[in-house]
Amino acid sequence: MKLTNRSRKTDKSPMTIAERLYLPAIASGLGTTIKHFFQKKPTIQYPEQKREFSPVFRGLHVLKRDEQGRERCTACGLCAVACPAEAITMIAGEREPGQEHLYREEKYAEVYEINMLRCIFCGLCEEACPKAAIFLQPDKIAPAFYERDEVIFGKDRLVEKMDDRASVGIEKYTGVKS
Amino acid sequence: MELSVFIVKSIIILAVFGVSLLIATYSTWAERKIAAFLQDRPGPNRAGIFGLLQPIADAGKMFFKEDFIPRQANKWLFIAGPSLAMLTACMTSAVVPFGDTVLVNGAEVTVQGIDINIGILYVFGVVSLGVYGVMIGGWASNNKFSLLGAIRAASQNISYELAMGLSIIAILMMSGSLSLRTIVEQQHGMNWNIFFQPVGFIIFLTCAFAECNRTPFDLPECETELIGGYHTEYSSMKLGFYLFAEYINMFVSSAVIAVLYFGGYNYPGMDWVRESLIGGLGLNWGHNLATLVGTMVFFGKIFFFIFFFMWVRWTLPRFRYDQLMNLGWKGLIPLAILNVVLTGAGLLAGTRLLSWVLILGVVLVATIQAGTARKRTVAAGRLSKV
Ligand code: SF4
Ligand code: SF4
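Listed in order, the protein sequences are those of chains B and Y.
Numbers in my numbering are just positions in the first sequence, counted from 1, shifted up by 732.
Numbers in my numbering are just positions in the second sequence, counted from 1, shifted up by 4.
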């Protein structure tokens, strides 16, 4: 039965003298390698030269704020449920009067942690979020780390800074930029 | 000996020693660069421009690694192994004629460590001593893989030294001298031995690969079977010495190949260059400059062969052990003997070109046989091309 069209029939007929001499084969092999010697190298010199990300690249998470700078997340926990790697944990808190400029909904996440060692960057949390709060940035890679506790990203590192807003294409959910 | 002659001679000896070490150092860099280029990579390029400081960084790393001696190992022999390998590797370049002569106060000083009348025998003797470094190191490690690697190295070197010696005999029959300088002087201009001894050259080249433990004959350090071979237990600069000795050996073999078969410092038109330099600059300067040009040419040849060593290394896979022994004993030694007989017959008949008959015969038989043999299926033909 033929499984693929790449299979080849092996020819076991005895080698000719020219083949047994090795030398012609060695010469042609040397020719092959020297051709590569002069070829253009496809290497990308990483820190100086960066490769373009794919438009659907899923990188480091960000917790978005809305256009007035309030946190969007309402600690519904849907992202944690959706997460196949169980990387997300959170503790919900109730918004006090006077905190309206901080949190958009009455319930917010007091603690929101993603364990980057567990996360598989599948993006299901982004899909699950009803508030368009969590996104995987298309242009940032999760950084390398030296200690285990550096791996758990809390709100200090997840929530976006107002002076350095993440562009994640949120318009397609909310109709507004940022 | 006059004082100035003595000084010039000392400078030459020091330069020969220093240059061979320097070239060996930068061979490690070249090896990585060439390996990379042959595999479509740029190679080391972070340490200095083009990665030129890489060998220094490597050496620094080697020195600061833990210098480990296994508890069951024989300590003194364990240290003697790499020292011996390094020592023998450094000794060989003494007899290689790196250039013609320099004129100092009317006296001619040869650009060579020392011209002894048994130069080529000396090279052979020292190279065969080199296997003791490997053997002692492998044995002293008290590790079965090391021992196997060392035994392989010993048997391989002995087998290929025979064929190597036989291939040289043909050269010696033509030159009538064992002195490397005489052999080079006889190849004046374009009279290179390669044109008279093509078979001998192929045999010598193959054996040189085996003697240097280079791929495709690097069975003593065959990773898939023996982990690291004879240097499995070695670390730090002791390992560095073993690896470094290999590169010095490679340099020396390239030099010896260039001397024996490619005319050493001779190049076509050298008489014209010398005459016009002397005409322009006077006898002293002209002669010395002509010698310098010859030395440059010689180093060009050496660099080509070092490149060739590396090129082959990154092209061919390793031989299996029985294939290695078959090639050595059943292939190269009979071929070398045949070559000696043919050369002798040719010399009796007054021609030096008789060993071409061997090549022509083989080519003829191979083409006729390939023409009459059943054609391989297209698929297999494609496979061999891929
Ligand atoms: S990207 Fe996937 S694995 Fe990572 S936190 Fe979101 S849902 Fe979990
Ligand atoms: S990020 Fe979105 S899904 Fe996750 S708790 Fe906050 S609002 Fe809910």
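Be a bit skeptical, because a hint or two may be false.
Claimed, not checked - Here are the simulated distance ranges between beta carbons: (1) B:D743 x Y:P321: 15 to 23 Å; (2) B:T821 x Y:K148: 50 to 58 Å; (3) Y:R324 x B:S745: 55 to 63 Å; (4) Y:A61 x B:G791: 31 to 39 Å.
Stated by the list, open to error - Straight-line C-alpha distance at most 20 Å; calculated EDC-like pairs for lysine to aspartate or glutamate: (5) B:K773 x Y:E35; (6) B:K767 x Y:E35; (7) B:K772 x Y:D275; (8) Y:K334 x B:E751.
These are computed hints drawn from the structure, not numbers from a lab.
We put the CB at the ideal spot given by N, CA and C, even for glycine.
Enumerate the violated hints, using their earlier numbering and listing them in ascending order.
The structure conflicts with hints 3, 7, although it agrees with all the remaining ones.
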